[in-house]
Every structure is written in structure tokens, then in C-alpha cells.
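Peer 1: Working from the sequences, and respecting the hints, build out all of it.
Protein chains in written order, with my numbering: chain A, 283 to 383; chain B, 107 to 749.
Worth flagging that the hints you see were computed from the coordinates, not collected in a lab. C-beta: ideal position from N, C-alpha, C; glycine also. Some clues are possibly wrong.
If the Cβ cut is set under 8 Å, some of the chain A residues that face chain B in the computed set are [to be verified]:
#, residue
1, Ala302
2, Ala375
3, Asp376
A few chain B residues that face chain A, going by a derived Cβ cut-off under 10 Å, partial list only [claimed, not checked]:
#, residue
4, Arg718
5, Thr722
6, Val725
As a plain string of letters, each chain reads:
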Amino acid sequence: MSIGPAWYLGLAAVLFAIGAIGVLVRRNVLVMFMCIELMLNAANLTFVTFSRVLGDIGGQSLVFFVLVVAAAEVVVGLGIVVAIFRRRKSTTADDLHVLKG
Amino acid sequence: MLHAAFLMPLLPLAGFVVLLAVGRRVGDPWAGWIGTVAVAGSFAAACVTLIGLVHQPATARELTCSVSCGTGAASHAFFTWIPVGGLQVKAAILLDPLSMTMCVFVTGVSMLIHLYSIGYMQRDRDYSKFFVYLNLFVFSMLVLVLANNFLVTFVGWEGVGVCSYWLVSFWFHRDSAASAGKKAFIYNRVGDVGFLIAVFLIFSKTGTLTYLEVFAHRHLLAGGGAATAAVLLLFLAATGKSAQIPLFNWLPDAMEGPTPVSALIHAATMVTAGVYLLCRANPLLAMSSAGMWVIAVIGGVTAFVAATIACTQQDIKKGLAFSTVSQIGYMVLAVGTGAYVAAIFLMVAHAFYKGLLFLGAGSVIHGLEDEQDMKRMGALRRWMPWTFGTFLFAWLAIAAVPPFSGFWAKGDILSNVYAKNLPLYALALLTAFLTAYYMSRIFYLTFTGKARWQEPAPDGSPAHHKPHESPWVMRLPLVVLAFCAVFAGLIDLPWAHSVSLAAWLDPVFGNRLFDSHQSASVQIALAVADGVVAVAALLVAWGLWRRRVDRPELEPDFLQRVWYWDNLYDAVIGRPGQVMARTFATVVDARVIDGAVNGTAALVRSTAARVRRLQTGFVRNYVLGVALGLVAILVFMVSRSWS
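Peer 2: This is how it looks when you write it as C-alpha cells:
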């Protein structure tokens, strides 16, 4: 049994679902960050898979953009997390509901 | 010599600018002298121009204007004020016998009253400001008179209006003065609407506003009542400015201003602007006999009504103010009968004797330290001989006693009215009787009888000090004006045909002038009637007022309160206006307009109060929203691609 594109897509779907559920149910900001990374990488995997299937290098090059953006996002995000941690001594997302209507 | 015409308006303007710049610094009395010299220069320029115009052949005098005072077309105007397509309004002047006649007496009387004001306004807080306004007034009046089109006349018209407003409320710290200024301004606005609509109408029909062109194309106004409408609208403007029924009762209130202002603006010059406008527009008037009738009747009725009121006033200035309304009523009556020359004749004579009367009254008020109630005067001839002597001549002149100027001027009007319409003549003759009567009453109460100022007033205010005669700057204008008031009749004697005001003004009025075709015997009979009426009134007043002060039966409340005219306006316009304003304030504004604004705000707030619940502050809720949205989009796309 060869491992076809469907496997990769399935894996990507599973990873994405794990990431999405993680963001939804976890309270810890760092874990939520990791889940977001998981979703991004699921998307990357999908890109690479389709790039392979369709023989179009565009999908793979787009992955680099995603990686760069993800890295930048982590920098900013962790900066914010550190700033919050200094003030609050906690990284629980639900404590931060100042924007509540 | 006609070039000097440009100096006439420019010198007072220069005086205005200089006084505005340095007036406060030079102060009392030099600011007054600057103003006086500027107007004196204007008077000299007017005289020079007049001589220049007299030397023109009579045919060239017909509305000569610019042609002879410039070298080419460009110099006709100072500049083109409004160049808009077909509407070319030039700031140009029109020199013709009519405007020159006005200019000479306006600048002359203004000069004398400026001189008088130097003394009268002495030690006033706003001494220099007074002359700023006064010079601006003279400039505006000359613009009004000299303009060669309706629009520039309107500029001058508004200019004198606003100067009148400032000067009436000159002592604005007094409530009565402030509200009198407002009253004058608002009444004039009503008239100005008529002026503007008339100008629009004339422009829409003839396509021009320049007097000569409008008159040349006046046939375009014929038909459809356009001419009558234009005449009546111009007359509405005149009723506002010249204080005729129905807009006359601002003038008595305007007496709150300083007395030189009453003399200059509210007796001699500005209030005659309406009559001037009608004379200027005489070719249009000639096209509407209905309009002429309205003018004549209103003029005659105003003259009579105002004269009856003048018989009962206690305030010397108010009495003179109603007298002014009455005299202008005569002028308007003359215009309505087509006797324009008689109107101008009375205007000139009136400027002299009414200016003099006001200045004399001012001298009395000055001497008695701001006492205006005639019942507290009396016997002043012993203490103020100059004022008494000059006032005497003015009194005889306005009472139309021969041979003073009023006799000739009023006689001219009366004989024309006699030829035109007998009931109006009867009314005018009755008014002449009343005129002589109320003036005599004022004269006797002020200068003869007992010295009532020596006793304390019934209301408890203390007796006055001994009155003092005014300084020479105030006496000199009195003397000069008295001379003019006595001899002004010479300019248009009935038997002088070649050298007279009528011949001089002939180019302006031409065959539109009403010709009464009266035989000499009729004229003499009418003149005798005038003289007899005047002398009889003098004697009646002598009998009634020489010794007594209180005659309540001759001063009914109805007349003292101006035929309840103000009450009528109050009931018809004032009160409903207030009710309407209150309704709008409490109902429309508070409920409808505020309701709409507040309702919008309340709607937004209640919606927001509900919608804000969505904003929980928990990140997971937002993420859930994003995830659900994503699912929804996917479901939508997938369902589209399957079907």
C-alpha cells in the first residue's frame, strides 16, 4: 500500500482539527500559540501536497511565506505574552477580558 | 470743473478713514474739526460742480453725468463693480440738476451740523466715534444721491440706514436708545425688501439697472402691471426710509439719538431719500397712474395723521419728529400729483428750517441740561436770545407765513394738489393749519410764558439751573440756517420762470411734470388762503397756549399714543409673532427637532446595549465564531459545487 496524497491531506486535516480544538478549549496562552502553529503547519502540509500533485512549485514557495509570517507572529505574540505575564503573573487567556462589552 | 464731483463723496470717506485711524487719539475737539473740514471740502466741491453744471448748455445738462466729467469711456466710472454677463454695474456717478441740487444742500447742511456737533457733543465719551459715523453717513448719502444706477443707490441707501442705526443707538447704554435703533433698522428693512424686489423686477424686464438706460427702455415695463408693481415697490422702500404710513413710527423713536443726528439724518437728509428716489424714478412713475394715486393719497394721509399727533406731544423732539413725518408726507403728496419740483423745493426748504428747528431744540436741551419736556421749559427767550431768534424764523418758515420759505414751498404743493384733486387739497390745507398750530404750540411752550424750569417738576425731579446760551460753534450754524430758512423761497418764486428751480430741474422731469395751468388770479387766491390759514393757526395757538400748559382736552390719549399705531402693530404682528416663536420653541423645537435627535441617540444606545453582549472578552468565544464562520463558508461552497 503506497502512501498517496490522501494520507497527507488526512494528516493535515487531523492536525488542523487538533489545533483548532486546542485554541478553543485551552486557557493557557502559550498552548494556544502552539495550537495556532499546528494549524498553520497543517495548512503548509496541504500546500506542499497539492504542489506535488499538481506539479506547481507555487504552493511550495507559498509555504516559505507562511513560515516567515508565522515566525514574525510568534515574535510579536510572545512579546505580548511576556508583557502580560509581567503585569499579571499568569498566562491564562480568560483573565484578559478587559474588552468585554 | 465737473471733475470736482468725484471729490464730493471721496472727501467724507477720507474723513471717515482718518477719524477711524486717529480719531480717538486726537479726541475732543480736533476729531470734530477733522470731520467738519472733510464735509466742508465736500460742500466746496459740490458748489464748484454746481457752477460747472450751470455753465453747461441746458440740453447737455440733461442727465449729463460721466460724459462731460471724463475724457473717455473708461473714466466714466470709478470701477466696474459687478461685471457678470449681461449685468454690468459700474460704480459711476450721475451728475444732473436733480442730484446736484441734492448734493449742494446735503453737504451744506451736513457741514453746518458737523460744526454744531463740535459744541453739542463736547465731553461725550465717544466723541470721535460720533464723527466717524457722521462722516460715513455723509459719504453714504452722497453715494445714494450721485449713483448712476439702482444698485449703487441701494448701497448708499443701506449705508445711510446702518449709520442711522448706529447713531440712533449712539447712547446704547440706555435701553430706550438701543431698542429705538433696532426699531429704525427693522422698519427700514421692510422697505428695503420693496427696493430689492423692484430692482429685480426692473432688471428682469429691461436687462439693465443704469437709470438712463432703464428710462430709455421703460416701454419694456409696460403691460401686465409691471410698471405699477415697480412703482409701488419703490414706494414701499420710500415709506420705510421716509417714514410714511405704514412704516412711519420708527422716526419718533429715532429721536433717542443725539440731537444733531435728529437734525441731519432724521430731518434734513436721510429721511428725504425716499422722496429723492421717487423723483429719480419719475419716468417710471409716469407710467402708472394708479401708483401715483396711491402715492398721493398715502402722502396726504400721512401728512394729516402725523400733524394731528404732533399737536399733542410733550417731548420737543418728538413733536418735531412728527412734524418731519408730516412734512415729508407733503413731499410725497407732491410726488404723487406729479409736482416733482414742488417736492424738491419743499425738501430743500424743509432741510433748512427743520434742521434749524432741531438744532434750536438741541440748543435748548443743551442749555437746560438734557431737559426735553416742553412743559418744563418756557420763557427761554430771555436766557437764550440767539436760539430764540433763529427758532423764530424757522417757526415762521414751517408755519408757511409769507414771505418765508415754507410759504412758497408749501404753496407750490398746495396749488398743484388743488388742480389735481379737491378732497386731497382740503386735507392738505387742514394739515397746513395743523402745522402752523403745533409749531406755534411748541414755540410758545418753549420760549414764552412762565419759566417753568425754575420750579420742581410734578414728578419730583428738581428745578433746573439757569439755562445758558450755547457756544459760537453752535450759534453760527443756527444763524446760517436761519438765513437760508428765510430766503430759500427765492429759488423758486412762482413768477420767476427762467431763473428758478423749475427751469433748472426741467431736464430731469421735462413734460412729466404736472402742469396745473392755473391763472394768476387762482394762484393768488390760493396763496392768500395759505397765508390766512397760517396766520389764523398762529393766533389760535397764541390764544390757547400762551399762558396755559395743561389742556388735557386738546391732548387726547388717542393722539398722544400715535393713533394706537404701535399697539396695532403689537397686536397684529408683535404678539402673534411672540406666540408663534413660543410655539416653535416649546413644541417644534423641544418635541420635534430635539425628539428626532434624542430618539436617534436612544435607538443607537438600546441597540448597542443588546449587541455588546456578543463581546464577551474571552478569546475562545471569538475563535469559535471564526471557526463557525469558516464551517459555514465551507458548507456554502461545497453545497454550491455539488448542486
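Peer 1: Looking back at the numbered hints, which does the structure fail to meet, lowest number first?
Peer 2: none
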